[in-house]
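2 protein chains.
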Amino acid sequence: MSTGSVRYELLKICPHTGARRGRLHTPHGTVETPFFMPVGTQGSVKTVGSEDVEALGFQQVLSNTYHLSLRPGSKLVEQLGGLHHFMSWNGAILTDSGGYQVMSLSDSRTIDDTGVKFKSHLDGSVQFLSPERSIQIQGELGVDISMSLDECPPYPCTREEAAEAMRRTHLWAPRNLAARREGQAVFGIVQGGVHMDLRTESAEFIASLPFDGIAIGGVSVGEPSEMQYPVVTHTAKLLPQDKARYLMGVGHPKDILHAVAAGIDMFDCVLPTRMARHHALYTLDGRVNALGKRWADHDGPFDEASVFPQTQRYSAAYIRHLFKAGEPLGARLATLHNLAFYARLMAEIREAITQETWPQLLERYARA
Amino acid sequence: MSTGSVRYELLKICPHTGARRGRLHTPHGTVETPFFMPVGTQGSVKTVGSEDVEALGFQQVLSNTYHLSLRPGSKLVEQLGGLHHFMSWNGAILTDSGGYQVMSLSDSRTIDDTGVKFKSHLDGSVQFLSPERSIQIQGELGVDISMSLDECPPYPCTREEAAEAMRRTHLWAPRNLAARREGQAVFGIVQGGVHMDLRTESAEFIASLPFDGIAIGGVSVGEPSEMQYPVVTHTAKLLPQDKARYLMGVGHPKDILHAVAAGIDMFDCVLPTRMARHHALYTLDGRVNALGKRWADHDGPFDEASVFPQTQRYSAAYIRHLFKAGEPLGARLATLHNLAFYARLMAEIREAITQETWPQLLERYARA
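These protein sequences, in sequence, are chains A and B.
Each step along the first sequence adds one to the number in my numbering, with nothing skipped, and position 356 is 356.
Each step along the second sequence adds one to the number in my numbering, with nothing skipped, and position 192 is 192.
Hint data in this document are derived by calculation from the structure and do not stem from the laboratory.
Since the model is a prediction, treat every value here as computed from it, not as a measurement.
Be careful, since some hints might not be right.
It does not matter which identical chain is used: a pair holds within one copy or between any two.
Unchecked claim - Keeping only pairs whose Cα atoms sit at most 30 angstroms apart, straight-line, the calculated DSSO-like set for lysine-lysine is:
#1 Lys117 to Lys75
#2 Lys254 to Lys237
#3 Lys12 to Lys254
#4 Lys237 to Lys12
#5 Lys119 to Lys293
#6 Lys324 to Lys119
#7 Lys324 to Lys293
#8 Lys254 to Lys293
#9 Lys75 to Lys324
#10 Lys293 to Lys75
#11 Lys324 to Lys117
Please model the complete structure; the sequences and the hints are all you need to start from.
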């Protein structure tokens, strides 16, 4: 049994798939599931403000324990009223634990069962992250959902490395829970790499603990979708129906469609925002390069299905010009466009589950 | 007599000063004067969209003939429906003639009475700008107000250089007018450097031609305000009451206050937008550095008098964090803050003329 302030409510299961339509009740509002969280690593979804994220229809964002603890510091954020107030975001916030960034961004890290010692990528100062410390930082940030510190092995890795990362993840799981503040909601994370027996063991163990939701980690770390899809399908089935299921770091529209069908409720990914800054725009016909000559005199939007007023008012020709001219507004409009694409994808996913029109949805996004 | 589609309407003269309250009627709406134009050099006010400029309350923006003619090209803009449609801006647009940018940005320029030959700063291609060509480009862009091609001497320059630039400006003035499309409104430009007799000669000559408005050029090219203020005061007095008066490239809030009192109606300047990108924010207590330690835990706005909702919702501590963290949202929020400061300054200037409270206004902005 969980003790946190977050609760998942199942509304309906898609008759065509295992897709779930539900609600996540958080201290900062109810979030309709399945949903996607824009990534605001440093307390800001790159190039857009909280009013934009609201206008796009998102109800929850993701931010980053590692980055915020180094700068501006979680104590300062707490003193300033918490991360919601700091970034003026009225919706829900989930933070990752910092473990993934410690392993990918910091220097000279050493990991053992106590935690990870590492050097800050900002100033080289020596830092220590443990399950207790990660949960404490996330408590200071005051977020709605804290993620457990786990060990996420890279892909490819040996079975032994995947098993060892799982062992440590399981060792740390209860320590994450024990470090909670009163009411602090904490999600557990299933590891096990691409090995189905390890995934089974991990899912069963994590599901046995009183987490407020369960994430599938170690997917979207470089493996091809032929490896990712079976892991997601296999693992999702093992998770309890009464808790939210979060697939970390995923992904492409087609990956999200697959994972929702497998029973996943929550997603985050840097793709829509990062791709936008590299002038790659999502459309129903696939991702297009805004610099392409075909857009030079195109007076309509990149995607005829675009519905967001702030991007609808600008033509592809104008956005291409902004990128060509090095105007910062280009990245912003492209970010709004891509986030609007993801927001609409998730809204249509929810609608397709409710209306039982999943096959039509797959057809609509077949080229996306 | 002018033939263009722009008309100035004088409403009231301030009893304390020569300040004028009026209206500029343009094909894209009526603009309350005195007003400030945000600078959108390449068809975009840096970091903000047209919906933001609208929300800030601006009714007219400035864009740049030189930049737009090189990229994306005025023919393409015309084909796409004109600059208003291209940048999705429903208010009025004034373009500068390109002369200033040719002299400051291009390579290997040669100027004679026919025009300026120069190499594009983008690709080194040889280009030619003449009064006829500049007015043609601005006609293709479809702007509300086209500026005459003039010669703007740098500061400092000799009296002979100032006189020669004025001579060429006067030679070109009728050629600018002769090149107009039907209904194209063109403003003339007074030159003459810091020499009052030349300014008198130039103001009288330019005022004798059928321009739709008159600008004072060659101010704000590096001269100190001790030189700028007398030129503005002297020249503004010589201009006809029935045409709008535009002081090009000005300026600091105190410069605007001075110039309005001298009878100027229109301003443009890169300061609020450029300073914002260098984390310098306008407040009633002067321009402040957002990186300063004093803001690290400041949960309020930089300026207590701030009125714009999109920037009011963010604290100085947050905006400082964004700059420190290299987040692109920092420049955007700072730009919105500074433009909101300028929009409010102009609104309060108009109000002070109407309400006859100019002395109180000067007191309010004494430290700005």
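Here is what the structure says about each hint:
no., hint, result
1, Lys117 to Lys75, "within (20 angstroms within a copy, 60 angstroms between copies)"
2, Lys254 to Lys237, "within (19 angstroms within a copy, 68 angstroms between copies)"
3, Lys12 to Lys254, "within (22 angstroms within a copy, 64 angstroms between copies)"
4, Lys237 to Lys12, "within (16 angstroms within a copy, 76 angstroms between copies)"
5, Lys119 to Lys293, "between (45 angstroms within a copy, 25 angstroms between copies)"
6, Lys324 to Lys119, "between (38 angstroms within a copy, 19 angstroms between copies)"
7, Lys324 to Lys293, "within (11 angstroms within a copy, 37 angstroms between copies)"
8, Lys254 to Lys293, "within (27 angstroms within a copy, 46 angstroms between copies)"
9, Lys75 to Lys324, "between (42 angstroms within a copy, 17 angstroms between copies)"
10, Lys293 to Lys75, "between (50 angstroms within a copy, 16 angstroms between copies)"
11, Lys324 to Lys117, "between (43 angstroms within a copy, 25 angstroms between copies)"
Hint violations for this structure: none, all hints satisfied.
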